[in-house]
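S.K.: As you go down the protein sequences, you meet chains A and B in turn.
Note that our numbering has the first sequence beginning at 4, numbered continuously upward.
Note that our numbering has the second sequence beginning at 106, numbered continuously upward.
Don't read these hints as lab results, they were simulated from the structure.
There may be inaccurate statements among the hints.
DEER-style ranges, computed between Cβ atoms [what the hints assert, rightly or not]:
1) B:A655 x A:P113: 48 to 56 Å
2) A:D99 x B:A655: 48 to 56 Å
3) A:N166 x B:T429: 29 to 37 Å
4) A:D99 x B:W681: 41 to 49 Å
Which stretches of chain B does chain A cover? Using the computed rule of at least three CB atoms under 8 Å from a CB of chain A, they are [claimed, not checked]:
5) 450-457
6) 477-483
7) 588-598
Please read these numbers as outputs of a predicted model, since none were measured by experiment.
Every residue gets a Cβ at the ideal spot worked out from N, C-alpha and C, and that includes glycine.
Here's the letter readout for the chains.
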Amino acid sequence: MADHNAEELAPTPGDRATRFFKRADVQQTTLFFILWTALFVVLGLFFYPKWMPTIMSVEMKSAEAIMIWFTVISAPVAAIVLAVATTAFMNRHRGDTPPPDGPAIRTNGPVVAVWTITSLLFALVAIVWGLTEMNAQAVAAGKDAKSAIVVEVTGSQWVWTFNYPAQGIETHELNLPVGVPVTFNVKSADVNHSFWPVQLGVKIDANAQVTTVIHSLPNKIGPIDVKCAELCGLYHAYMETTGEIQSASDFDAWVTAQGGHKA
Amino acid sequence: MSTLDKAHTSSRPVPNPKRSLITRLHMGTGVVVGVIFAALAYYALKASLLTHTDGVADPLSPHDNNIVLLGTMFAWSIGFMAGIGAFIGPWRWMIGKDLTDEEILYLAGDGQGVKRYFKYCTDHKVVGIQYLVGVMTLLGVGGTMAMMIRTNLARPGGHFITATVYNSLVGLHGITMIIAMIIVATGPFGNYIMPIMIGAYDMAFPRLNALSWWVLFTAIPVLCSAWFLGGIPTGWTAYAPLSIQAGPGMNAFLATIIIFAVSTAVAGANITTTVIAMRTKGMKWNRVPIFVIGSTISVALAIPAFPTFMVSMIMTALDRTYNTGFFDANMGGSGWLYSNLFWIMGHPEVYVILIPGVAALMEIVPVFVRKPLFSYTAAVMGFAGIAGLSILVWAHHMYMAGWAPSLNGPFMVTTEMISIPTGLLFLVLIGTMWRGKPWMKLPMLSVFAFLWDFMIGGITGIYLSDVPADSYLHGSMFVTAHFHFTLMGAALTGAIGGLAYWYPKMTGRMLHERAGYISFWMVQIGFNVIFFGMFMAGAEGQPRRVVDYAALFRNSNLISTIGAYSVGIGMIILLWAVIHSWTKGKIAPMNPWGAKTLEWTVPYPVPLTNFDELPVITSDPYGYGKGK
Numbered sequence: 004m005a006d007h008n009a010e011e012l013a014p015t016p017g018d019r020a021t022r023f024f025k026r027a028d029v030q031q032t033t034l035f036f037i038l039w040t041a042l043f044v045v046l047g048l049f050f051y052p053k054w055m056p057t058i059m060s061v062e063m064k065s066a067e068a069i070m071i072w073f074t075v076i077s078a079p080v081a082a083i084v085l086a087v088a089t090t091a092f093m094n095r096h097r098g099d100t101p102p103p104d105g106p107a108i109r110t111n112g113p114v115v116a117v118w119t120i121t122s123l124l125f126a127l128v129a130i131v132w133g134l135t136e137m138n139a140q141a142v143a144a145g146k147d148a149k150s151a152i153v154v155e156v157t158g159s160q161w162v163w164t165f166n167y168p169a170q171g172i173e174t175h176e177l178n179l180p181v182g183v184p185v186t187f188n189v190k191s192a193d194v195n196h197s198f199w200p201v202q203l204g205v206k207i208d209a210n211a212q213v214t215t216v217i218h219s220l221p222n223k224i225g226p227i228d229v230k231c232a233e234l235c236g237l238y239h240a241y242m243e244t245t246g247e248i249q250s251a252s253d254f255d256a257w258v259t260a261q262g263g264h265k266a
Numbered sequence: 106m107s108t109l110d111k112a113h114t115s116s117r118p119v120p121n122p123k124r125s126l127i128t129r130l131h132m133g134t135g136v137v138v139g140v141i142f143a144a145l146a147y148y149a150l151k152a153s154l155l156t157h158t159d160g161v162a163d164p165l166s167p168h169d170n171n172i173v174l175l176g177t178m179f180a181w182s183i184g185f186m187a188g189i190g191a192f193i194g195p196w197r198w199m200i201g202k203d204l205t206d207e208e209i210l211y212l213a214g215d216g217q218g219v220k221r222y223f224k225y226c227t228d229h230k231v232v233g234i235q236y237l238v239g240v241m242t243l244l245g246v247g248g249t250m251a252m253m254i255r256t257n258l259a260r261p262g263g264h265f266i267t268a269t270v271y272n273s274l275v276g277l278h279g280i281t282m283i284i285a286m287i288i289v290a291t292g293p294f295g296n297y298i299m300p301i302m303i304g305a306y307d308m309a310f311p312r313l314n315a316l317s318w319w320v321l322f323t324a325i326p327v328l329c330s331a332w333f334l335g336g337i338p339t340g341w342t343a344y345a346p347l348s349i350q351a352g353p354g355m356n357a358f359l360a361t362i363i364i365f366a367v368s369t370a371v372a373g374a375n376i377t378t379t380v381i382a383m384r385t386k387g388m389k390w391n392r393v394p395i396f397v398i399g400s401t402i403s404v405a406l407a408i409p410a411f412p413t414f415m416v417s418m419i420m421t422a423l424d425r426t427y428n429t430g431f432f433d434a435n436m437g438g439s440g441w442l443y444s445n446l447f448w449i450m451g452h453p454e455v456y457v458i459l460i461p462g463v464a465a466l467m468e469i470v471p472v473f474v475r476k477p478l479f480s481y482t483a484a485v486m487g488f489a490g491i492a493g494l495s496i497l498v499w500a501h502h503m504y505m506a507g508w509a510p511s512l513n514g515p516f517m518v519t520t521e522m523i524s525i526p527t528g529l530l531f532l533v534l535i536g537t538m539w540r541g542k543p544w545m546k547l548p549m550l551s552v553f554a555f556l557w558d559f560m561i562g563g564i565t566g567i568y569l570s571d572v573p574a575d576s577y578l579h580g581s582m583f584v585t586a587h588f589h590f591t592l593m594g595a596a597l598t599g600a601i602g603g604l605a606y607w608y609p610k611m612t613g614r615m616l617h618e619r620a621g622y623i624s625f626w627m628v629q630i631g632f633n634v635i636f637f638g639m640f641m642a643g644a645e646g647q648p649r650r651v652v653d654y655a656a657l658f659r660n661s662n663l664i665s666t667i668g669a670y671s672v673g674i675g676m677i678i679l680l681w682a683v684i685h686s687w688t689k690g691k692i693a694p695m696n697p698w699g700a701k702t703l704e705w706t707v708p709y710p711v712p713l714t715n716f717d718e719l720p721v722i723t724s725d726p727y728g729y730g731k732g733k
């Protein structure tokens, strides 16, 4: 904040800061800055966890963490913009004639530099966070590949079909054992669909003639929803089904009930 | 150009008394010839494709039907352009002649009053007004569709409209709004205001200017015909192979885009050339008003982007007519090829929409805060940086497509880099406001709304660009809310600010202030309510483009629908204000805002050649402020 007014500053650094922060508009901006930061932090910490469905996989946890923490990290940056705007709004001029001219500040090198570097750092945090997380997921998928349960998912207008080759069953509901990594091999029988087991926080398109792959590690027992996230024609909205993340014994019982066998 | 030059230096000649063909053509003759061409094409194509069994005509196959419909639509467009006289000039050139000076002056609409708005008029001010009316019509149609969508989604299990109609509404709302938003600022203000801003007599290619508008005009009935041909089931992205499977209404979509791409290509070439070649004496690049810079960068970005849109539509059309299988995996093609072509257009396109809106606001802030634009260089770098990066980010729409997963990382990097030039745009706006006392007139209100809306749009964009978060959010209502915050909250707010700002110059009257304020608050509050609800629905897990939803999403959808009605009413009030003030508003002084750009130095009505004598520029237009 302090850099906004470099051209006004007195000689010694201590004086400068004191004089700068004594100005009414600076104090006003600081106050709004604190309020806006607080608002965004609360929005991020409170609303997303409240809105998002039960977190039932490692991947879902990571998606939610990004939404929450990126909001919190960006709160001060958003707050600077909104605080300056709010201060200007509070000092607004009404009437049918223009206000008197303000100070002729053409630019301010340090401010532009600090701003650019801040946004660069902010972008880097987002990039590094994202790449690290992607890498972690890719490594985990590779490591878990051998122990993973495989589900062949087929999207067709407008139904999901799940084939468990190792168990020898084919169903329209997606049940999975908890704590066991799962590999979904997804394809389409017709147009594009997008396979979205909601509470697992992963998603991949279903395409004709190619198989796309996505991994997940379910870590909580409970019901899940499966939806289609790509407009696929008339009944796209109804192309959904349910399933359950189950304990190992429940899953085995379900497989048996479906006429399959233990892998 | 030289003729117009002569027109005001010598005594003005009377429009051609000989009544050549050019003076007899107008929109009406265009429609007549267009319909005749369409009918001829329809019957000729049908006759040539029909087969007979035992003397009875077989029904056309879907492929042949597509050929007939596409041919009819293009014939309409070409026929209309012939009927309105678009080809007279090129024809004369071909036979080695040119239009006479009188004819050129006639085409410029000299002394024709209201009639010139219905003619092939080359005056950039007429084209600007035509675009303004066109944009408002498209926004009205698209907005009505949005209201129908929201009405249907007010309650779960709502069957206000059927799934077929709903899916069509989603796609047609999308494409109507995209077309409207692409032209929303560069159409009316880029044509009417921009040439005056740079001190030019007219655009570089006045006839191309008329061409770009009337070609766009021919696309509107084509788009509307989709309704009568069974609608489109694909959304505005028209992903293959759904688009290949789709019924006859899809042809209307394809033809609209192909025609629209011609219009934008022509307009883009015209605007860039005008700004590069026709700035008045002394208008160095660092003295060009920022709106001109923004519009130019925007259309320059459109020039490479839209041809790929056109190509992807032509290839879809070929798949649908001659079974070429470009995008059909079952025939060796690839749906991913389509998605790539589409988004190579689609991501630059959102910045084509955004940049002029922001640039209009940057033009407004210095005037209403009475301070120089903060860091002109940062503003230009911001626009240029966004434009440059935007051609490298398209596959972030395809993170979850399964196409080249190893490229998700690089595309995430380029996408998140865009936050840096975008940050500069915020800095320029708040830097200009810093220590100022903003004059709270309608245009300035939009700046405040923009900062809030674009901030929300920007931050939510950052999570969407991060692959692990996008794997949850992609294809959900969250995405819909995000891009409405950027396209509507930011770009449309900017354009409405521009409308309030330039309205006095374009109509000679002030926009009704009270109606403007009421509309502003209803639209902005309603808008934030709608998309707060939609962020909620998306975070809860509701997919996009669904006609119905589970009970879980009841509250979030109801919130959105309530907000939508507020926006709808607010927009109707704005429309009333625009129409009412056009004829009954307070007469505007020449420079109501005390601005320093050139458009405020010319009277209303703006003379045919804008300036009696071209002005000479000695500084940039932001010399406000005391001290220094």
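S.K.: Run every hint past the structure and note whether it holds.
M.R.: We went through each hint and held it up to the structure:
Against the hinted window of 48 to 56 Å, the Cβ-Cβ separation of A655 (chain B) and P113 (chain A) comes to about 53 Å, which satisfies the hint. Range check, D99 (chain A) to A655 (chain B): Cβ separation about 54 Å, and the 48 to 56 Å hint holds. Our hint of 29 to 37 Å for N166 (chain A) and T429 (chain B) holds, since their Cβ atoms are close to 33 Å apart. With their beta carbons about 23 Å apart, D99 (chain A) and W681 (chain B) fall outside the hinted range of 41 to 49 Å.
Using a Cβ-Cβ cut-off of 8 Å, 0 residues of the stretch 450-457 of chain B lie near chain A, which falls short of the minimum of three, so the contact claim is violated. Only residues whose beta carbon comes within less than 8 Å of a beta carbon in chain A count, and the stretch 477-483 of chain B has 6; three or more means the coverage holds. Counting residues of the stretch 588-598 of chain B whose C-beta lies closer than 8 Å to any C-beta of chain A gives 0; at least three are required, and the coverage claim is violated.
Hint violations for this structure: numbers 4, 5 and 7, all remaining hints satisfied.
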